[in-house]
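Chemist: Sequences listed follow chains Y and S, in order. Going by the numbering used here, the letters in the first sequence line up with residues 1 to 577, in that order. Going by the numbering used here, the letters in the second sequence line up with residues 1001 to 1334, in that order.
A couple of the hints might just be wrong.
[Claimed, not checked] Among chain S residues calculated to face chain Y with C-beta under 10 Å, some are:
1) A1169
2) G1269
3) A1285
[To be verified] In silico lysine to any residue, SDA-like type, Cα no more than 20 Å apart, as pairs:
4) K1273(S) - Y101(Y)
5) K1173(S) - N309(Y)
6) K1173(S) - Y101(Y)
Just so you know, the hints here were simulated from the structure itself, not pulled from any lab data. The structure displayed is predicted, hence computed values, not measured ones. Here a beta-carbon is modelled for each residue, glycine too, at the ideal position from N, C-alpha and C.
Residues per chain, in single letters:
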Amino acid sequence: MSNSPSDGVLRPSDHADSSAASEPDDITQPRLGVIGWARWGWRQLTSMRTALVLLLLLAIAAVPGSLVPQRSADPNGVTQYFTDNPDLAPVLDKLSLFDVYTSPWFSAIYLLLFISLIGCVLPRTKHHWKALRSQPPRTPARLSRLDDHRTRTIAVAGDADATAAAAIDTAAAQLRKSGYRVARYDARGSYSVSAERGYLRETGNLVFHAALVGVLIAVGVGGGFTYTGQRVLVEGQAFANSLLDYSSFNPGRFVNGDTLSPYSMTLDQFDVTYVPPGQPGSGQAGDFVAHVTTQAPGADPRDGEVRVNHPLDVQGDRVYLLGNGYAPTVTIRDADGREVFHDSVAFLPQDANMTSLGVIKVADGLPQQLGLLGFFYPTMDVLPSGALTSTYGDLEYPVLTLRVYEGDLGIDDGTPRSVYTLDPSGMTQIAGGDSGNPAIQLMPGETEDLPNGLGTITFENEAPAGASGYDGSVKRFASLSIHRDLAGPWVLAFALLALFGLLAALFVPRRRMWVKATPAADGVRVEYAGLARGEDPTLAAAVDQLAEKHGAALPASSRPHTSDPDADAGATSNPEK
Amino acid sequence: MPGTDPLLLDEISLLLVWTAVAIYVLAFIAYAIDLARRSDLALKAKDEVVSRELVTAGGGGVISAGTGSSASVASKPRYLWARLGTVLTALGFVFHLVATVLRGIAAERVPWSNMYEFALTGLLLIVAVYLAVLTRYDLRFLGSLMTGLAVLLLGGATLAFHVEVVPLADPLKSVWLVVHVFVASLATALFALAFGLSVVQLIQARRERKLAEAPADAEPKRSFLRTVPNADALESLAYRFAIVGFIFWTFTLIAGSIWANDAWGRFWGFDTKEVWTFVIWVLYAGYIHARATRGWRGTRSAWLSIIGFTAVLFNFTIVNVFFKGLHAYSGLTT
Ligand code: HEM
């Protein structure tokens, strides 16, 4: 490969292809002033070595985020980690190990990397811009020094100089046609054309690096205009797209929560199919689909479907299906038969057979507040240990069991409490466990008494008339996630740009070619030579091809008579032989 | 396929997989014998330095089999055992291919939807790329490494990861499964080849260093390395495979993000699997940079290629099985 310093491409001083002598060694610099130091520091920051070290650091720094749960991706995992490792977790937290990708040290690495990148790319872009409009360099005096070099001698018809000049005219035309930029360098006693191609390689490199900056900016800025909100909808429920109606909402920095597109959405039905027993994968659930009706103001209601992998587009938002489960409908009446609670409560699935856990809170209407901790088994079975379990996800033998607590739910003082957890610390258990009363156990349609004569509880059967078995006896819920993402399309565009840049940067050969004709005693000596700029496995073949094509295009009278291009005495090597 | 029992098809497929593994073992043995014999052949041939034969100048040109400069090499080595190794590898490949196709038919979908199938297809591609490259470059000195890898990983994956054919889980029902995972396997195959070349490059570089330090008249040591291209040529070849692999990996990353955006509503979330895909991408970007950084060419960059591929294997095995994340597609639980 070459070590020519006059490269046409500006590279950091420690690039493998730039000449070692062109930059003074850092250690032997004379005393530096402030500006000198700044310049020195900048050159260090934008050197190839720094880029490399920062890249490797970035790779290493990203790893801990896969070993320790991250707040962004797995908040419950973090909570669990704190419970499991009470001593270690706070230390890790101090080191931002639960927020690796927003931590100061991770940010420092990638910001330095991108500063280095910009510092590297800007001067190169300027230089490349100039190089694009400059002439290919002068033909070297001794082409035979190059690795890929061929010679032939052609017969002279008439004037030797005219023959030589005409041969070079032909070569120049051919090279230009194959995409080279060419310049003639005719001097006393020899005629030559210098050709260059592959500027696209450097362009690709610059586009690639610049596009990475684009990706970063798109993520950073676009993320500010992005929001996601979650909402659980039970079959039959509707929700309006406003801040109040979300169960959680994560707006980007620049999102105004009051200006969400106004529309409403109703979950009409949630479908899921199960692989029947006896077949491979039996019990596996699939083909989840939430049938919804959406309505924008002043427009007709529209039916839509939300499926896994197929979000629904509504008014510029995208609606995703995150999860699903059962929402048993429960009615509680007081001792006088007055209804104090009636609702379908979403129970969170705990395993693949939809054993589900849920909490019912009765805040008003009874002498004391009531908390019920329930398990729902769509197909209940009894383990040898006596514990209940579910053996199938569909509603074959649905059973709801409830432990009942009486006392203070702890919701009156305004402390936010999750609807999915019950804090029994201020309460007395009155059914299930050690309370002396058995846990309440119900199938759809059944009613039982609450302990201590408090009243009754009913597990409503929601099946439409005429349904067979327990089909549809319990409502389902869909957990939906609603997104507006302004960053996505930009990130994708920059990523694709980077990919195309990369293709050009890695695979466009960048090379120079020369053809030189020198009148000599026995005819005109024609030399062909090529020089690779960077990796170029096909250079030798390209020089061969050039020589061959040129030979074929010469006028018949001056066709080579002494040698074929490969049998070349002066050439340094021809590895193909 | 109507009328055929998927369980039966899968059993046949499994049988073929084991046959393929057995044939790869034989190929491995043949290649190993070849390497052992090469040291003799090389001595007999009394070639002086490796650089003359098999090797290209300046990273260009083609490494072609057994074409030393004919004048000085007395007997052209024919490498019979290596040929046998290649024939066996090709035979094993055929069984492997049929096994993979049958698995796909049994499952009525592309055969790369869980860890077992991904291993099946991924290794098929590794062997395929190796065999395809053999038609252009004589890389049979990598044969024992590649078949060894195939035996270990295919055998290991079949023992550890084989699962019955079951319907796809919803998140996997996507065209992106077809594209994203296939391209990832292809990238893996190319990285594997680059890895093999980098390993041999390191060994070769050590030998060249020793040779340079040894006194000029020292008895040359017997080694198959004399029949292998020099470290520079190995490096530039490794680089060429790695950059193609890198392009595919970049595409994998992009396609994965598009899929993630459809499936989970965000294109990037530093899920464990995403983290590792990113780490591997950055490692190979580092490798490519290293090749362009003064003082990092040669042995140091070769180490990066080796570390990169180690991360690929780690990502596929340890991360899939033991790390928690959204990419729960191993098919090993539930
Ligand atoms: C986000 C960080 C970076 C990534 C992912 C990255 C990635 C890459 C990749 C994949 C290539 C190979 C493509 C090609 O040859 O054009 C490359 C080449 C190159 N990069 Fe970067 N790069 C990064 C930062 C930098 C920085 C900070 C510099 C400045 C020091 C730099 C300078 C170069 C140069 C000069 C080349 C050409 C190498 C050659 O001649 O083969 N890169 N980079």
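Chemist: Against this structure, judge whether each hint is valid.
Modeler: Evaluation of the provided hints:
1. A1169: holds, 7 Å
2. G1269: It holds, given that the least Cβ distance between G1269(S) and chain Y is near 5 Å, below 10 Å.
3. A1285: holds, 6 Å
4. K1273(S) - Y101(Y): Distance ~15 Å between K1273(S) and Y101(Y) Cα, so the pair holds.
5. K1173(S) - N309(Y): holds, 8 Å
6. K1173(S) - Y101(Y): violated, 30 Å
When the structure is compared with the earlier hints, a violation turns up for hint 6 alone.
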